[in-house]
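Use these hints to put chain B onto chain A, whose structure you have.
Protein chains: 2
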Amino acid sequence: MRDTKPVILVTNDDDITAPGIHALVDSVRSLGTVVVVAPDRAQSGMGHAITIGVPLRMNKVNLFGDDIEAWQCSGTPVDCVKLARDKILHRVPDICLSGINHGANHSINIIYSGTMSAATEAAIEGITSIGFSTLDYNFEADFTVPKKVAYKFTKRVLEDKTLHGALFNVNIPVVPEEHLKGIRICRQAKAKWDEDFDERRDPHGEKYYWLTGNFKNMDEGEDTDVWALENNYVSVVPVQFDLTNYKLKKELEKRWKL
Amino acid sequence: MRDTKPVILVTNDDDITAPGIHALVDSVRSLGTVVVVAPDRAQSGMGHAITIGVPLRMNKVNLFGDDIEAWQCSGTPVDCVKLARDKILHRVPDICLSGINHGANHSINIIYSGTMSAATEAAIEGITSIGFSTLDYNFEADFTVPKKVAYKFTKRVLEDKTLHGALFNVNIPVVPEEHLKGIRICRQAKAKWDEDFDERRDPHGEKYYWLTGNFKNMDEGEDTDVWALENNYVSVVPVQFDLTNYKLKKELEKRWKL
Chain A
147 MRDTKPVILV TNDDDITAPG IHALVDSVRS LGTVVVVAPD RAQSGMGHAI TIGVPLRMNK
207 VNLFGDDIEA WQCSGTPVDC VKLARDKILH RVPDICLSGI NHGANHSINI IYSGTMSAAT
267 EAAIEGITSI GFSTLDYNFE ADFTVPKKVA YKFTKRVLED KTLHGALFNV NIPVVPEEHL
327 KGIRICRQAK AKWDEDFDER RDPHGEKYYW LTGNFKNMDE GEDTDVWALE NNYVSVVPVQ
387 FDLTNYKLKK ELEKRWKL
Chain B
147 MRDTKPVILV TNDDDITAPG IHALVDSVRS LGTVVVVAPD RAQSGMGHAI TIGVPLRMNK
207 VNLFGDDIEA WQCSGTPVDC VKLARDKILH RVPDICLSGI NHGANHSINI IYSGTMSAAT
267 EAAIEGITSI GFSTLDYNFE ADFTVPKKVA YKFTKRVLED KTLHGALFNV NIPVVPEEHL
327 KGIRICRQAK AKWDEDFDER RDPHGEKYYW LTGNFKNMDE GEDTDVWALE NNYVSVVPVQ
387 FDLTNYKLKK ELEKRWKL
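In order, the protein sequences belong to chains A and B.
FYI, our numbering numbers position 192 of the first sequence as 338, with every residue one higher than the one before it.
FYI, our numbering numbers position 40 of the second sequence as 186, with every residue one higher than the one before it.
Chain A on its own, in the form it takes in the complex (with noise of 0.2 Å):
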């Protein structure tokens, strides 16, 4: 595993056989070795769920040609990435890229992804790490901007060593390359999901419930993932796991006598 180049490790949600992740190697592979971890069925909306109850197993298998080591794994993405670290690389890889996901991962939707749980839990190690998604669902998508995006982004948080253990989400609008206007740097936008579930009745009579919901942006601001998308731009947002309100902390700070 000891390399000049550097050591690539690449996971993503929607399980190893995805056309993203396939995608994603493709683009890379020429910027050091890529050693793939994955799931070995689809995990998106797992967060950053580990797993605890159950134990877990790799396979090795050779999707994606002979020169780039690949496992399948049993558990969630995060599981992928906690394995590859202490089973596979028994290093620490140069960085983490998770994708391409098959839809978006904008907003508040950062905090269902498996794509961005895997990306931040890499980060949480100290390994620079992206999380690039498309906001093309459809599994035969057409990757060849994606792609270009996914491989020159790559390069350049690689060569700038002064993003060493920084984290990112990446969103791809479905535009032809002509009408994309670039890359900008974004926050993500205040929204959320109204649920609606979607409540059947099995032969035996019995209730049960689909989960379905409607995205709702609540954010009018031109600095967000939501408009930079809408706007033909490639949304990067620089992302952190220190959950910490700050602002209320300060507040309550003054306010309560403890």
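Since the hints were derived computationally from the structure, they do not count as laboratory data.
Predicted model, so just to flag it, every value in this text is computed and none were measured.
Hints may be right or wrong, so weigh each one.
[Stated by the list, open to error] Straight-line C-alpha distance at most 25 Å; calculated BS3-like pairs for lysine-lysine:
{"id": "1", "chain 1": "B", "residue 1": "Lys-336", "chain 2": "B", "residue 2": "Lys-294"}
{"id": "2", "chain 1": "A", "residue 1": "Lys-395", "chain 2": "A", "residue 2": "Lys-336"}
{"id": "3", "chain 1": "A", "residue 1": "Lys-393", "chain 2": "B", "residue 2": "Lys-393"}
{"id": "4", "chain 1": "A", "residue 1": "Lys-151", "chain 2": "A", "residue 2": "Lys-293"}
{"id": "5", "chain 1": "B", "residue 1": "Lys-294", "chain 2": "B", "residue 2": "Lys-327"}
{"id": "6", "chain 1": "A", "residue 1": "Lys-400", "chain 2": "B", "residue 2": "Lys-400"}
{"id": "7", "chain 1": "A", "residue 1": "Lys-301", "chain 2": "B", "residue 2": "Lys-336"}
{"id": "8", "chain 1": "A", "residue 1": "Lys-338", "chain 2": "B", "residue 2": "Lys-327"}
{"id": "9", "chain 1": "A", "residue 1": "Lys-400", "chain 2": "B", "residue 2": "Lys-294"}
{"id": "10", "chain 1": "A", "residue 1": "Lys-301", "chain 2": "B", "residue 2": "Lys-400"}
{"id": "11", "chain 1": "A", "residue 1": "Lys-338", "chain 2": "A", "residue 2": "Lys-362"}
{"id": "12", "chain 1": "B", "residue 1": "Lys-395", "chain 2": "A", "residue 2": "Lys-294"}
{"id": "13", "chain 1": "A", "residue 1": "Lys-327", "chain 2": "B", "residue 2": "Lys-395"}
{"id": "14", "chain 1": "A", "residue 1": "Lys-395", "chain 2": "B", "residue 2": "Lys-396"}
{"id": "15", "chain 1": "B", "residue 1": "Lys-393", "chain 2": "A", "residue 2": "Lys-395"}
{"id": "16", "chain 1": "B", "residue 1": "Lys-336", "chain 2": "A", "residue 2": "Lys-298"}
{"id": "17", "chain 1": "A", "residue 1": "Lys-151", "chain 2": "A", "residue 2": "Lys-233"}
{"id": "18", "chain 1": "A", "residue 1": "Lys-151", "chain 2": "A", "residue 2": "Lys-206"}
What follows is chain B alone, placed relative to chain A:
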């Protein structure tokens, strides 16, 4: 459901039969109309996972006395909050309480915690929300102190209208009441888990892995939740879910010509 008393939604991640959620309901039932919607099995470490590919079930149960409506749900803690709002309460509760978790959710544990993710989900909906955790993992933990803390803190938050929509991560040390020094408003300590997967072989000779790890606090600050707990304080971290790294955003806007 309409009532002049506040509506208190209670959930957890240890499952609806866990002593911790019963302690929580007992401690706050005098403060309003309690409705419980909690998972039907342990969901520790589920983070902000939601259930997409599988439908959800709910069953009404009588586990907290005749005066408390309670539902067990087949989904994750976040699913419970979503279902509670859309299918049970048909309104926004006045407050959402999650826990009392059997085990610490301080520092980086907030990211993996089903308890805190349930509370965060409610906060995304604009609901004032508190996650409670005791540092005692034992299912036979003594809840005398945690119950008093849950009652006092919930009452205070309900009474302070300026805290509407706020989100708190409350951890309670394992000390007799006379040694408890009080409550500290804290920030999330910088910490991580050093993974150490336990590698075994099944009866067929195939490898499998159990996730284990060692907690590593990298933060010497005296304003952190870890410090507070080590010094016999209840730690209260005000929490937010905008994950934007504003410092890096500003730097990149200056440095990068995109």
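Legend entry - Enumerated hints in conflict with the structure, sorted upward: As far as the earlier hints go, 1, 6, 7, 8, 16 are violated by this structure, in ascending order.
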